[in-house]
Amino acid sequence: GENVEQHPSTLSVQEGDSAVIKCTYSDSASNYFPWYKQELGKGPQLIIDIRSNVGEKKDQRIAVTLNKTAKHFSLHITETQPEDSAVYFCAASRPGGSYIPTFGRGTSLIVHP
Amino acid sequence: GAGVSQTPSNKVTEKGKYVELRCDPISGHTALYWYRQSLGQGPEFLIYFQGTGAADDSGLPNDRFFAVRPEGSVSTLKIQRTERGDSAVYLCASSLIVGGGGTAKENEQFFGPGTRLTVL
Numbered sequence: 001g002e003n004v005e006q007h008p009s010t011l012s013v014q015e016g017d018s019a020v021i022k023c024t025y026s027d028s029a030s031n032y033f034p035w036y037k038q039e040l041g042k043g044p045q046l047i048i049d050i051r052s053n054v055g056e057k058k059d060q061r062i063a064v065t066l067n068k069t070a071k072h073f074s075l076h077i078t079e080t081q082p083e084d085s086a087v088y089f090c091a092a093s094r095p096g097g098s099y100i101p102t103f104g105r106g107t108s109l110i111v112h113p
Numbered sequence: 001g002a003g004v005s006q007t008p009s010n011k012v013t014e015k016g017k018y019v020e021l022r023c024d025p026i027s028g029h030t031a032l033y034w035y036r037q038s039l040g041q042g043p044e045f046l047i048y049f050q051g052t053g054a055a056d057d058s059g060l061p062n063d064r065f066f067a068v069r070p071e072g073s074v075s076t077l078k079i080q081r082t083e084r085g086d087s088a089v090y091l092c093a094s095s096l097i098v099g100g101g102g103t104a105k106e107n108e109q110f111f112g113p114g115t116r117l118t119v120l
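If you read the sequences in order, they're chains A and B.
The opening residue of the first sequence carries number 1 in our numbering; numbering runs sequentially from there.
The opening residue of the second sequence carries number 1 in our numbering; numbering runs sequentially from there.
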């Protein structure tokens, strides 16, 4: 089955700095890569996703890149703010009808004011 | 509108007991998913429903775990003879549809806040 590795497990930055979280996946058939933000006591919330037919996608301060050859993808957050502090999960899913993601272990992002 | 709700928010039980966890999906969502999230880990898939039927239960760890969705809306995850290793946050999610024929937006999963299960 799919295996998703995520690094780092913890990331501490100053407000205004950029943050980068990296993930690798094992199943070359995976073609959909969502990113989730999970705040304390809440369920994960989709913040951005990317499909395998594009290499980069941006939404305001958040961008994702995908390298299918190397089987890795990254989340970039620019101009970080304290409210960006949360646990971020990358995930990968393959075609087959269900879009059920395999999640990474998460990155705890701490943005210091 | 109302999101996915789960009850109870916390459940403490003793080893060997039976528990039921409830999920109310977003109204109109046909697909419903259950995940388990252990401390410091990402959610792990357990089972998903399309309508009333379990379309994929390959993530259920053993036969102590069972889930139902009798009317295609509310779902209940049932755990028999609980063990300490069952302690985790159980997350429910729902999506408008499920299947590769829809758009990613239609397949987007909306998660509830979870039920924290502690088995003593």
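There may be inaccurate statements among the hints.
Pair ranges (Cβ atoms, derived) [what the hints assert, rightly or not]:
#, chain 1, residue 1, chain 2, residue 2, range
1, B, 52, A, 26, 49 to 59 Å
2, B, 15, A, 67, 40 to 50 Å
3, B, 28, A, 18, 33 to 43 Å
4, B, 97, A, 61, 36 to 46 Å
Keep in mind the hints are simulated off the structure, nothing from the lab.
A virtual CB, placed ideally from N, CA and C, is assigned to each residue, including glycine.
Quiz item: Going back to the hint list, which numbers does this structure go against?
Solution: The structure breaks hints 1 and 4; every other hint is satisfied.
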